Amino acid sequence: MSDEPTVRHHESVVTPAGEHDITDGGPDMVQFLDAEGNRLETNESNAPYAEIVEALTAEDGRAMYRDLVLVRRVDAEGHALQRQGELGLWPSLLGQEAAQVGAGRAMRPQDYAFPGYREHGVAWCKGVPPENLLGMFRGVNNGGWDSNENNFHLYTIVIGNQMLHATGYAMGIQRDGAVGTGDESRDAAVMAFTGDGGTAQGDYNEALVFAGVANAPVVFFVQNNQWAISEPNYKQFRIPPYLRARGFGFPGVRVDGNDVLASYAVSKAAMDAARAGQGPTLIEAFTYRMGAHTTSDDPTKYRIAAEVDIWREKDPIKRMRGFMEKNGHADQEFFDAVDAEADEIAARIRKACQEMPNPELPTMFDNIYVDEHPVVAAERDEFVAYHASFEGAGH
Amino acid sequence: MSDEPTVRHHESVVTPAGEHDITDGGPDMVQFLDAEGNRLETNESNAPYAEIVEALTAEDGRAMYRDLVLVRRVDAEGHALQRQGELGLWPSLLGQEAAQVGAGRAMRPQDYAFPGYREHGVAWCKGVPPENLLGMFRGVNNGGWDSNENNFHLYTIVIGNQMLHATGYAMGIQRDGAVGTGDESRDAAVMAFTGDGGTAQGDYNEALVFAGVANAPVVFFVQNNQWAISEPNYKQFRIPPYLRARGFGFPGVRVDGNDVLASYAVSKAAMDAARAGQGPTLIEAFTYRMGAHTTSDDPTKYRIAAEVDIWREKDPIKRMRGFMEKNGHADQEFFDAVDAEADEIAARIRKACQEMPNPELPTMFDNIYVDEHPVVAAERDEFVAYHASFEGAGH
Amino acid sequence: MTTQKLTLAKGLNSGLRAAMEADPKVVLMGEDVGKLGGVFRITEGLQKDFGEDRVIDTPLAESGIVGTAIGLCLRGYRPVVEIQFDGFVYPAFDQIISQVSKMHARSLGALRLPMVIRIPYGGGIGAVEHHSESNEAYFAHTAGLRVVTCSDPGDAYWMMQQAIASDDPVIFYEPKRRYHERGEVDIDETAGAPLGLHQAAVRREGTDLTLVTYGPMVKTCLQAAEAAAAEGISLTVVDLRSLSPLDRPTVLDAVKKTGRAVVVHEASTFLGMGAELAALIQQECFYHLEAPVLRVGGYNIPYPPSRFEEEFLPNLDRVMDAVDRSLAF
Amino acid sequence: MTTQKLTLAKGLNSGLRAAMEADPKVVLMGEDVGKLGGVFRITEGLQKDFGEDRVIDTPLAESGIVGTAIGLCLRGYRPVVEIQFDGFVYPAFDQIISQVSKMHARSLGALRLPMVIRIPYGGGIGAVEHHSESNEAYFAHTAGLRVVTCSDPGDAYWMMQQAIASDDPVIFYEPKRRYHERGEVDIDETAGAPLGLHQAAVRREGTDLTLVTYGPMVKTCLQAAEAAAAEGISLTVVDLRSLSPLDRPTVLDAVKKTGRAVVVHEASTFLGMGAELAALIQQECFYHLEAPVLRVGGYNIPYPPSRFEEEFLPNLDRVMDAVDRSLAF
Ligand SMILES: Cc1ncc(C[n+]2csc(CCOP(=O)(O)OP(=O)(O)O)c2C)c(N)n1
Ligand SMILES: Cc1ncc(C[n+]2csc(CCOP(=O)(O)OP(=O)(O)O)c2C)c(N)n1
Ligand SMILES: [Mg+2]
Ligand SMILES: [Mg+2]
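Protein chains in written order, with the numbering used here: chain C, 3 to 397; chain D, 3 to 397; chain U, 27 to 355; chain H, 27 to 355.
Since the hints were made in silico from the structure, they are not lab data.
All values reported here derive from a predicted model rather than from experimental measurement.
There could be a bad hint or two in this list.
Stretches of chain D that chain H covers, calculated by requiring three or more beta carbons in the stretch to come under 8 angstroms of a beta carbon on chain H [to be verified]: (1) 154-167; (2) 191-203; (3) 360-369.
Backbone N, C-alpha and C fix where the C-beta goes; we use that ideal spot for every residue, glycine too.
With the sequences and hints as input, model every part of the structure.
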């Protein structure tokens with residue numbers, strides 16, 4: 003990692019809004035592939051991670067590429083299903099595939115992920131069937147998977163909340179003695195996801211405090227996609243998110259979020275360190291939200307097309323494909339096969355969505371409490387009786 | 003200010019509890035007087051503030067010394083009044099006089115202070131009659147002064163809350179065009195006070211975010227007295243409070259909180275910068291809580307006497323007096339006069355406290371709302387009628 | 027009388043605009059309130075016209091928003107804070123309960139916090155979790171706050187201006203499922219607002235039973251009254267408008283006339299506004315009541331996924347069912 | 027029967043110790059809970075005996091405490107969180123409302139949060155602002171939470187263990203002004219707790235009127251019953267113990283027998299527990315009631331400075347006054 007920028011005393015460090023370059027991650031950013039997929043030289047920023055990237059095989063690269071393509075297709079299908087009225091809402095990850103796949107692949111099965119609401123790519127890497135993500139956006143449930151099956155927590159919508167859950171979970175790992183034992187299948191760590199906007203929340207910062215004090219095995223992974231709905235970076239912070247860690251006493255790294263190799267390498271290094279008992283790391287993945295905030299949003303109100311065009315050039319899939327082609331890591335057959343697989347998955351998701359049954363009404367009273375609760379029980383009974391009274395009444 | 007300590011990536015930076023030296027502020031700490039009152043050489047840390055200290059006259063020094071002594075006496079009287087049952091509680095500032103007087107004297111009348119609950123010394127410097135502080139500890143009110151009279155806000159007990167109020171107030175100053183005009187009587191800034199424990203709160207960190215983004219004229223003044231009730235520094239943060247600012251993009255300085263010259267100089271520089279439009283500064287005053295957390299606390303449960311002994315050697319008053327004596331800035335007559343004045347003030351406070359009337363009961367319904375509120379009005383009327391019904395009834 | 031046909035959303039927007047024009051100390055704050063005009067476009071066009079200093083896109087932190095708004099009040103400003111959705115007010119709860127509600131009392135009247143906290147609330151819009159809650163009881167229980175809600179474009183327009191003019195802090199609930207309902211609004215400034223901020227309105231007068239309601243449920247209750255009339259049942263509908271303080275005389279008079287009352291709201295019934303109203307009515311109308319006060323509300327479960335909401339929320343059928351039960355008592 | 031004479035504080039401490047001994051997954055968290063044993067010494071000696079990993083002195087941030095406790099639950103722990111004083115729970119409100127109360131439902135039953143949040147509450151101890159509040163209504167209104175409170179050392183001991191054993195999150199209110207009251211506690215483990223966590227207790231049976239109360243006011247109400255008896259008035263005193271869920275049968279049976287009811291609590295009455303109880307009682311006991319249900323509580327103002335608290339809080343006189351008014355109705 004490069005030297006930390008100096009903040010000098012009693013000189014204004016405010017960067018006027020216009021000077022925030024939201025298309026260039028600067029020299030601190032860890033990057034291995036340029037926009038065309040050329041492998042960059044080793045430099046001060048990426049050097050600490052070069053070994054990890056070197057160790058990747060062509061097979062690894064193909065697996066990553068496949069993830070990128072499939073995840074994008076899952077996302078596109080979610081978007082389409084919303085447009086067709088099958089879902090109420092869809093938050094697209096378009097543009098952030100590499101950030102998420104890099105992070106997701108750096109986790110071992112025993113590692114736990116705490117996502118926000120846009121981490122479809124991380125879910126994919128952790129093995130959550132993408133169909134399961136649809137329920138909450140279709141309104142049939144508030145989270146349709148058992149977190150413990152894949153060690154992927156439910157989506158958290160209230161910005162910042164999950165950062166503390168992740169930290170607490172990591173404190174639990176410590177208490178279980180599952181840190182620093184050197185046993186690869188035992189040592190575990192946690193990854194916590196939020197966005198650039200999320201870094202303003204009290205909960206986020208308290209998580210940095212608690213994790214720092216406990217030296218907890220948790221990696222904070224901030225996807226800086228440049229926008230928090232309509233608010234650009236300079237309305238959320240004065241210096242980039244990766245520098246926040248400096249205020250809390252543990253490492254912070256900015257990585258090119260559109261470079262899957264870089265995202266993977268930086269995430270792996272951080273997770274390895276966490277599992278080894280070296281404590282937390284903050285990772286900022288510098289990336290871009292190519293689509294609207296969600297399907298409810300209209301970004302033409304607040305951002306210019308030229309900005310999106312610049313970022314389109316940095317596309318994570320194009321970049322990885324370029325790298326593979328240049329190095330002969332895959333042939334046309336492979337790329338076609340991945341595309342075909344994507345079609346299949348899209349069809350599967352679509353079918354699963356369309357066939358998803360409406361929940362039985364009285365189930366809304368289920369699982370409010372573990373143990374029977376008289377108020378809920380009474381209301382469920384009344385509800386059932388009330389609805390039964392309509393039956394056959396043609397009401 | 004010295005170079006910022008380097009936090010290296012993927013090396014554990016955790017400092018084991020035992021290594022937190024809570025008696026030595028380290029090389030970054032700005033200091034002008036040693037424990038005996040000898041003027042220190044200019045060094046990297048104090049150099050930026052040397053000019054401010056040089057500009058101080060012997061008269062200034064005497065005024066500061068007087069403040070230190072009077073403030074300590076006010077505090078001692080508060081403590082004694084609690085012990086005698088006149089107050090329900092007293093949070094002592096013993097040991098923190100220099101931190102507070104330095105900060106307090108760096109404010110101009112138009113600057114606004116947002117205290118916690120221990121800032122009796124800042125109140126003093128802002129001109130709040132110390133008698134007025136007693137009401138809330140006697141239980142006759144929840145804040146017995148008009149904040150706008152001396153630009154000293156009410157004490158805030160909920161840790162962290164006031165940091166945001168201060169930031170918002172500073173945003174108001176900006177909107178009033180009272181920053182950076184160069185008009186000494188117009189430009190204003192805000193000082194916000196909290197403790198080492200307070201730095202963990204979400205509100206505190208959100209204040210750093212908002213202040214940074216707005217480039218607001220606010221100085222965060224953290225008195226690190228080493229303890230948050232029974233919890234030592236290492237349970238609240240991993241690296242010292244002054245370094246927190248590095249994560250938010252504005253300057254952070256550690257100052258010797260027992261050296262009134264240093265506290266004044268660092269505060270003045272920060273406030274001057276804020277008024278000039280250069281934005282926020284975070285100051286950590288490294289000091290020590292010589293007494294219990296409050297009169298309700300029993301520190302023997304959690305800290306050792308030896309630690310207190312070390313800090314007694316660093317006493318802020320002894321130090322300033324040593325400096326003045328060594329430099330012939332004051333004679334015995336002066337010191338005696340200050341002590342006599344302290345006696346007078348103590349007597350005045352004691353008298354004011356003992357004579358403080360119990361509030362009229364129905365006034366508890368006053369000022370709940372600005373405009374008449376039917377529920378409150380009805381309850382007040384009922385209350386008055388109910389109590390009238392006892393009159394003469396010997397109830 | 028100068029009337030305009032406006033949506034409820036536009037009524038709020040126009041009310042904000044009028045308040046900003048009238049007083050340069052009025053500032054708007056919140057997430058995305060600037061260029062975007064808020065996710066519901068309530069502040070649309072205002073940043074363009076009043077500038078970034080008066081329409082402030084804040085960082086994403088609700089405690090920070092309300093906390094800095096307090097500071098702005100102390101400096102003489104009148105901030106109107108937007109909470110993006112009902113379920114996101116909780117990070118600001120501490121500032122609201124510990125500071126906003128108590129500052130005037132704590133300062134023995136020296137300090138004022140003329141702040142409005144706008145909360146789009148309630149369900150029925152098919153949204154994901156945390157976007158459909160009715161949490162008014164928390165604030166109505168809190169002394170030192172005023173809590174109001176509008177149910178039509180006219181109230182939206184006038185009550186917003188009254189809330190901003192109030193020297194006390196006001197929690198202003200906006201029934202988000204009614205944002206797009208239209209109505210005639212009398213915007214005659216010389217005539218002023220038709221009702222005070224804390225007055226209830228009798229929206230329909232009847233003889234058999236009084237529906238007491240507010241916000242999004244006013245429309246539902248008026249529909250129920252219509253349906254009931256077709257069956258020969260005559261309902262009064264009281265739109266509370268103010269939840270704290272309650273306009274007790276209007277409520278109690280209405281119930282005394284009908285002898286029966288049903289309270290309707292979206293919030294869970296246990297300790298919801300209906301609890302206070304039932305407690306109040308039984309106390310003040312004991313001998314007038316021919317049946318117990320009944321409550322129709324959301325069930326006592328967290329707001330369910332949206333596929334359940336039609337049956338979770340009080341609807342025409344459930345209101346009518348309660349009316350029938352009361353009349354049959 | 028093995029009895030010990032304990033203070034309420036010691037009952038809690040012993041209950042915590044028993045739970046920690048029984049289950050290694052039980053951990054305590056909070057500010058100053060370690061060496062100091064908490065500002066009220068409820069956790070005294072526990073860090074010494076169970077170590078720093080099980081009795082965790084946390085950083086000073088309540089949202090952080092509850093938020094990390096959630097994470098610990100998800101990893102299989104059973105955290106018992108101490109909030110230092112009632113007025114400091116609000117920074118954690120968001121985590122409690124948005125997460126703690128909803129996680130089980132959100133996960134369709136897959137996840138559990140067996141967490142206890144201990145809150146020393148109420149006034150009468152001459153404290154400064156924020157240290158005397160009764161904010162139980164906020165949590166009782168929140169579906170997904172259980173809310174209980176103890177009134178004597180025996181309940182302190184047993185209810186604490188039951189709350190920790192509960193697989194649902196429990197808000198546990200401790201009546202701080204009664205911490206030092208003593209009583210005989212049956213600590214016979216084989217016999218187990220005398221009552222379920224959510225059962226109300228009839229502390230005294232009478233014929234004329236039922237006082238419904240909980241926590242610190244139980245003692246006050248028992249004193250009132252004593253005083254009333256001297257005047258020939260026979261009062262039932264119901265100690266609710268559980269505020270959510272309410273033990274409806276016990277409350278309603280008691281009121282049906284006496285025909286009159288007064289609810290007593292320290293919290294402000296507007297939307298306080300008394301509102302729910304009055305609403306419930308008038309609904310379920312309509313034809314049994316000879317007078318409206320009356321409420322005696324703190325006035326509807328922020329908790330006042332301590333010199334006022336004797337008159338702000340319900341005391342013997344105010345309870346008796348309400349009893350007289352009910353009987354005279
Ligand atoms: C506490 C809270 N406040 C407000 C919102 C509404 N909201 C949803 S997403 C969002 C912006 C998030 O931006 P960022 O953290 O950058 O994540 P991104 O959506 O860009 O991935 C906001 C304000 C929320 N979900 N939670
Ligand atoms: C939100 C909140 N939580 C808990 C408390 C209880 N409390 C009062 S002072 C204190 C410790 C504060 O420590 P620090 O910030 O270091 O300030 P100091 O008292 O040392 O000046 C605590 C936990 C509080 N006042 N507010
Ligand atoms: Mg973003
Ligand atoms: Mg301290």
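How the hints compare with the structure:
no., hint, verdict
1, 154-167, "holds (count 4)"
2, 191-203, "holds (count 4)"
3, 360-369, "holds (count 5)"
Violated hints are absent here; each numbered hint is respected by the structure.
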